[in-house]
Amino acid sequence: DTEVTQTPKHLVMGMTNKKSLKCEQHMGHRAMYWYKQKAKKPPELMFVYSYEKLSINESVPSRFSPECPNSSLLNLHLHALQPEDSALYLCASSQDWGQGYNQPQHFGDGTRLSIL
Amino acid sequence: AQTVTQSQPEMSVQEAETVTLSCTYDTSESDYYLFWYKQPPSRQMILVIRQEAYKQQNATENRFSVNFQKAAKSFSLKISDSQLGDAAMYFCAYRSGNSGNTPLVFGKGTRLSVIA
Chain A
16 DTEVTQTPKH LVMGMTNKKS LKCEQHMGHR AMYWYKQKAK KPPELMFVYS
66 YEKLSINESV PSRFSPECPN SSLLNLHLHA LQPEDSALYL CASSQDWGQG
116 YNQPQHFGDG TRLSIL
Chain B
30 AQTVTQSQPE MSVQEAETVT LSCTYDTSES DYYLFWYKQP PSRQMILVIR
80 QEAYKQQNAT ENRFSVNFQK AAKSFSLKIS DSQLGDAAMY FCAYRSGNSG
130 NTPLVFGKGT RLSVIA
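From first to last, the protein sequence lines are chains A and B.
Read in order, the letters of the first sequence are residues 16 to 131 in my numbering.
Read in order, the letters of the second sequence are residues 30 to 145 in my numbering.
Check each hint, because a few of them may be wrong.
Said to hold, decoys possible - Sample of chain A residues lacking proximity to chain B, with all beta carbon distances greater than 10 Å (derived):
#, residue
1, Pro23
2, Leu26
3, Gly29
4, Thr31
5, Lys34
6, His41
7, Arg45
8, Glu67
9, Glu82
10, Cys83
11, His92
12, Ala95
13, Ser101
14, His121
15, Ile130
To be verified - Result set (DSSO-like, lysine-lysine): computed pairs, CA atoms no more than 30 Å apart in a straight line:
#, chain 1, residue 1, chain 2, residue 2
16, B, Lys107, B, Lys137
17, A, Lys33, A, Lys53
18, B, Lys102, A, Lys53
19, A, Lys56, B, Lys107
20, A, Lys55, B, Lys107
21, B, Lys137, B, Lys102
22, A, Lys24, A, Lys53
23, B, Lys102, A, Lys56
24, B, Lys107, A, Lys53
25, B, Lys99, A, Lys56
26, A, Lys55, B, Lys102
27, B, Lys137, A, Lys55
28, A, Lys24, A, Lys56
29, A, Lys55, B, Lys99
30, A, Lys24, B, Lys137
31, A, Lys56, B, Lys137
32, A, Lys37, A, Lys56
33, B, Lys84, B, Lys99
34, B, Lys84, B, Lys102
35, A, Lys53, B, Lys137
36, B, Lys137, A, Lys37
Hints are computed from structural coordinates only; laboratory data are not their basis.
Idealized CB from N, CA, C, for every residue including glycine.
All chains, please: the whole structure from these sequences, using the hints.
Okay, structure coming up:
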């Protein structure tokens with residue numbers, strides 16, 4: 016069983032829709048991440064939150080809007096997405112960000128997103 | 030910038046045999062951490078093994094071991110007694126130990142097939 020839970024597992028949406036992806040962990044981790052993964056490619060980092068504050072935004076388009084309401088929860092709000100945004104979106108968490116260089120990231124199962 | 034190279038897009042191994050996946054990296058840093066992640070068709074990225082650059086001893090985790098050659102900047106993964114459940118995409122990843130705000134750098138991955 017994964018310790019990082021992502022919902023929904025699959026999402027199909029139109030380009031004008033607004034939807035949200037949700038990620039939850041109860042391991043006491045203080046760093047959480049969003050990755051985008053295209054087929055047969057490695058994950059690409061999108062955002063890093065450390066202690067509920069945005070630490071890294073890898074020049075992600077504004078149609079993706081992250082939110083970290085508390086230390087256990089990470090959301091990704093989607094609006095006006097493009098077909099090329101179809102991908103697997105992975106959430107991960109780790110014990111820390113600044114000090115935990117060697118702390119592994121624990122990944123969720125991902126949300127398979129399809130944009131029509 | 031650091032780069033991670035996995036030169037084998039695909040590998041196959043007979044069940045119960047041993048296989049080695051290669052990974053090389055480029056960095057000017059002396060303090061860093063290396064990881065191997067496994068991603069089966071179920072999509073979840075699972076940490077297989079990690080190595081601290083300051084440690085000379087190669088990491089081992091049950092049937093998984095690494096051959097860490099710091100001077101050659103090589104970090105290969107050996108899987109012994111291969112099992113059908115080992116079939117997956119394997120990603121090698123690097124993380125800097127010099128700064129708190131550096132993400133994982135992934136290689137492009139190696140798809141491992143296990144033949145019964």
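Do the hints match the structure? See the list:
no., hint, result
1, Pro23, "holds (13 Å)"
2, Leu26, "holds (14 Å)"
3, Gly29, "holds (24 Å)"
4, Thr31, "holds (27 Å)"
5, Lys34, "holds (19 Å)"
6, His41, "holds (17 Å)"
7, Arg45, "holds (12 Å)"
8, Glu67, "holds (16 Å)"
9, Glu82, "holds (20 Å)"
10, Cys83, "holds (16 Å)"
11, His92, "holds (21 Å)"
12, Ala95, "holds (26 Å)"
13, Ser101, "holds (15 Å)"
14, His121, "violated (8 Å)"
15, Ile130, "holds (18 Å)"
16, B:Lys107 with B:Lys137, "holds (18 Å)"
17, A:Lys33 with A:Lys53, "holds (21 Å)"
18, B:Lys102 with A:Lys53, "holds (28 Å)"
19, A:Lys56 with B:Lys107, "holds (22 Å)"
20, A:Lys55 with B:Lys107, "holds (22 Å)"
21, B:Lys137 with B:Lys102, "holds (17 Å)"
22, A:Lys24 with A:Lys53, "holds (16 Å)"
23, B:Lys102 with A:Lys56, "holds (23 Å)"
24, B:Lys107 with A:Lys53, "holds (27 Å)"
25, B:Lys99 with A:Lys56, "holds (26 Å)"
26, A:Lys55 with B:Lys102, "holds (25 Å)"
27, B:Lys137 with A:Lys55, "holds (8 Å)"
28, A:Lys24 with A:Lys56, "holds (19 Å)"
29, A:Lys55 with B:Lys99, "holds (28 Å)"
30, A:Lys24 with B:Lys137, "holds (24 Å)"
31, A:Lys56 with B:Lys137, "holds (6 Å)"
32, A:Lys37 with A:Lys56, "holds (23 Å)"
33, B:Lys84 with B:Lys99, "holds (10 Å)"
34, B:Lys84 with B:Lys102, "holds (14 Å)"
35, A:Lys53 with B:Lys137, "holds (11 Å)"
36, B:Lys137 with A:Lys37, "holds (27 Å)"
Checked against the numbered hints above, the structure breaks only hint 14 and satisfies the rest.
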